[in-house]
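**Q** What follows is the residue order along each chain.
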Amino acid sequence: MPISAGYDLTQGWIAALERDAERLGYELQIRDPNWNIDAGAQALEQFIAEEPDILIFQNNDMHAYTKLVQRAMRAGINVIQMNLKTPVNSDAFIGGDWYKVGADVAKEGARMCGEDTSGKVAVLQGPVTSPPSLLGVAGIEDTLKDYPNITIVANQAADWDASKAHSIASTIIKQHGDLCAFIGLWDNQDIGAAAAVREAGLQGKVKVVTEGGGNQKSGCDNISNGMFASYVKVDTRDQAKQLASVVETLLQTNPEPGSAPFGLYTANTLLTPETVTASSCWTVEQIQAGN
Amino acid sequence: MSASEAFMRWRYRLIPDHVVGEILSKNWIDNAIPILFLGVAVAIFSTILPGVMTTGSLAILARVLGEYLFIAMGMTLVLKAGGIDLSVGSNFALCNFGALYLVNALGLPLIVVIPAVLFLGGLVGAVNGFLVGYLRLRAFLTTLVTLILVRAIVELLSLKYSVAASYSETLVPQWDFLGAADILGVPFSLIVAGIVAVATHILMTRMRFGWHLSAVGGSRRSAFNIGLPVKRIVAQTYIFSGVFTAAGALFYASRLGSTSGTVGVGLEIIILTAAVLGGNSLGGGRGSVAKTVIGTMIVVLVSNALIRMGLRTGASELVLGTIMLGAVAIDVKWMKNRLKVLNKAYVSPTFLSLPPNPETREGSGSVYEVNNKLGDVGVIGKGELDGPEDVILDEDDNLYCGSRHGDVVRFFAPDYTRHEVYAHIGGHPLGMAFNSDQELVVCVGGMGLYKITRDREVVKLSDETNRSLLSVIDDSRMRIADDLDIAPDGRIYFSEATIRYNTSEWMLDAIEARGNGRLICYDPRDGSSRTVLSNLKFPNGICMTDDGESFLFAQTWDCSITRYWYDGPKKGRREKIIPDLPGYPDNINRASDGHFWCGLVGMRSPTFDLALRMPQYRKRMVYRVAADEWMYPNMNFGCLIKFDIDGNILEVLWDREGAKHPSLTSIREHKGKLYLGGLFNDRIGVYDIPGADPTWTGIKHYWGGKKDG
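First to last, the protein sequences are chains R and X.
Under our numbering, the very last position in the first sequence is 291; numbers go up by exactly one each time.
Under our numbering, the very last position in the second sequence is 1709; numbers go up by exactly one each time.
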């Protein structure tokens, strides 16, 4: 159960699982709550009632599904949490190290806003209680303490929504004409901020630093065309491969749920217009084909 | 009879067409479509999704159902009063956030949190209520604005406080209980919602506030004109909506503990879909808790099934939206056309083949030959009366008749020029008779059987009889109590012309020509009423015979007069003594020579007789032709017959021009004169009977001479 099956990260993971399901002969069922926490809770409860071997879900909110994860494990289901973790440990977590991501985007922001700039940055986070925001913003704030010339002039929640990011960014640009950079936490959202910057005719002046899964369209294309000045890649391709392997392993070992929890933290890679290459990003078709 | 007529007779005897219209006329028919929809949804989903109907699966639905029900009930109250509350989604998010902040960040006990959150929800409702109710802003736009405003407040708050609100350092078991507990397998939230639903149902149907809601929603202007505090009532519905939304949010907050920005987004659409799907009208005035419960069940079932079917992003919303669109379309079409369809579907003609129509032409030698004996009768109360269907005289020769204004009017003997309202009953008096105590017993159209005591006090004797087992419409209620007569032992036999139409629509019964009427016996000894004979074709006049064990009754559409034994060795037997009158018989009364008078309210015509044998033709007429162009029996003409107990016609009196006494419904012989009443007439006629006993009176014939004292 992803947060929504309708965007690049989840499509990447699903592609890998679908490929393996066919190759190894397990059954994959996907339910799409489409960002709705309540629908997600219903879908999870429904899954628990149906007792699959493994339950994979992406957490939308820090706490909403905590009790459900515990219930699923009590019911004997192995649980894998993807990318965004609840406070409860389950059999496996595969995803970004969000504090580190926050630290990395902050460093990139600081690098772009050196001595000869205003040093003003604006932070765009997702829903405040979602794990990447909670941990990422902590990483940003902690890191920027080491850069006294940088000031955070705004810190807003764009809720992973590009149009919301667009309107927030437009407002911030008007308020702070000398803004140096936007520090965002997700490419799908921050593309809205980048668009606002370009519409204001400030592309190149106001930098957009973001994080993303490295999808060709949302990531590399936008780095190449200058929308994003710097990009911390938490590679979905790697996550998809790891996820497929963990599923394969758990199906064979069938451990007592939660008896040996582990986390696989995705490595962060920096991409800038200078460093981006043809193989830096992935497409769903490539993952489907096994690359 | 030809084969096709025989077939038609059986087809109309075996297939009860009229039931369709009767079912459509039921109030619960509004709920039938949603229930059908629910049944279909359950059938479809349990086929394509195995396991939907398992207990585990139902428990999930039940938990969500409980939370949605609260909000939907609030919405029902708002809709019923003609408003709409779009702000429920945002209000829900605000209350959810408030509850979590109070519990997790401030660590307040539930006894504080629950009232505080309900108050918070009520506050948002009060803002809506003030704007919509008192400032009279448009509900749709106003609540749309509050939707946005409250959502913005939630976002501002959550940016600042949601980390603190999202979890508690210390566990609060009672708080978790709220959202997670089951009692006997039923979620706590659903139990509370059930209790609140019953209370809301009572509020809406049994209490003043609920009736006021219906009035305001049905017609705001009329409600204002009769003095209802419309503004306050409208404002209150929004407060209810707010508080109910807060209650739902409390359970939700406890269950999920999520302060995410997506909480409550789009909830107003789900709740509106639930309310409208259940049959609550968006236009106001029509709505109930039962409807809401059904609608909410459908929405929860469908949305859960859509999640389970694994439809990709957006598809579920698309399906729900389509369902809502369909529901609104049905709602609008149904409201607009229900009465139209009902009016047409309700009239359900059946097959009736009358015996050949006797000749009435002058010079034909028939007993019914037209004459002009009534052409020159005396007239009483011309222009002062309105619908003296029946007339009767007391032992002091005073004359009583009914009027459409709901009065019994008394004309004073001897010249009948002065009159007074003897008693006001409220419905049109149709049949009259004096009982042994000289009290006037009256059949009142639309009301039942009443008597007027000698002190002019109106007393209800009976307005209901036993309900028959298989009747769809409630036939215990009396619609057209028509004529009565009283047996020597005091039992009152009276006819009810039809159980399918009210007094004002009695002519529609002629188009049906089905046995819709019945005879009822009221027993004054124990005050009970029971149906004696049913399935009669507009039973009308009743008149006792002299044997003390039988009476005669007329069936208007059957053009017949029947003798029925209610007592004695022949008890229960029926014998049609005149099967083929040339017109439609109405009241029957005694003549001084031991025979009987009967008025014919209208005359048969070959065309209508033919139409009676062609029910499909009449059905088509009802469907395709405007009601005022329908073919009815001829009621412009009438005559008076005298017959003996064996059904021999002794005398026929006509008003050839039809000017003075068309459509005779009543005749009363008194001291050698005949007094004539008519349902549509504005006068009472007086006819001198040649050679009649000048001392004979009906009241003396029934109850003997004048009592002393």
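Rather than coming from a laboratory, the hints here were simulated on the basis of the structure.
Watch out, some of these pointers could steer you wrong.
Some residues of chain X that are not near chain R, with every Cβ distance over 10 Å (derived) [unchecked claim]:
#1 G1257
#2 S1303
#3 R1361
#4 G1365
#5 F1434
Partial selection, computed: residues in chain X whose CB lies under 10 Å from chain R [stated by the list, open to error]:
#6 T1054
#7 R1255
#8 G1261
Derived DEER-like restraints, expressed as beta-carbon distance ranges [unchecked claim]:
#9 X:L1058 <-> R:R198: 48 to 56 Å
#10 R:T249 <-> X:A1315: 28 to 36 Å
#11 X:A1315 <-> R:E199: 56 to 64 Å
#12 R:L28 <-> X:L1058: 35 to 43 Å
#13 R:G263 <-> X:V1186: 51 to 59 Å
#14 X:I1269 <-> R:G263: 32 to 40 Å
#15 X:K1344 <-> R:L28: 54 to 62 Å
#16 R:S163 <-> X:I1114: 57 to 65 Å
#17 X:K1336 <-> R:N155: 51 to 59 Å
#18 R:R71 <-> X:K1336: 47 to 55 Å
Glycine residues also receive a C-beta, built at the ideal position from the N, C-alpha and C atoms.
**Q** Indicate, hint by hint, whether the structure satisfies it.
**A** Structure-based check of all given hints:
no.	hint	result
1	G1257	violated, 5 Å
2	S1303	violated, 7 Å
3	R1361	holds, 82 Å
4	G1365	holds, 88 Å
5	F1434	holds, 74 Å
6	T1054	holds, 7 Å
7	R1255	holds, 7 Å
8	G1261	holds, 5 Å
9	X:L1058 <-> R:R198: 48 to 56 Å	holds, 52 Å
10	R:T249 <-> X:A1315: 28 to 36 Å	holds, 33 Å
11	X:A1315 <-> R:E199: 56 to 64 Å	violated, 32 Å
12	R:L28 <-> X:L1058: 35 to 43 Å	violated, 26 Å
13	R:G263 <-> X:V1186: 51 to 59 Å	violated, 39 Å
14	X:I1269 <-> R:G263: 32 to 40 Å	holds, 39 Å
15	X:K1344 <-> R:L28: 54 to 62 Å	holds, 55 Å
16	R:S163 <-> X:I1114: 57 to 65 Å	violated, 37 Å
17	X:K1336 <-> R:N155: 51 to 59 Å	holds, 54 Å
18	R:R71 <-> X:K1336: 47 to 55 Å	holds, 49 Å
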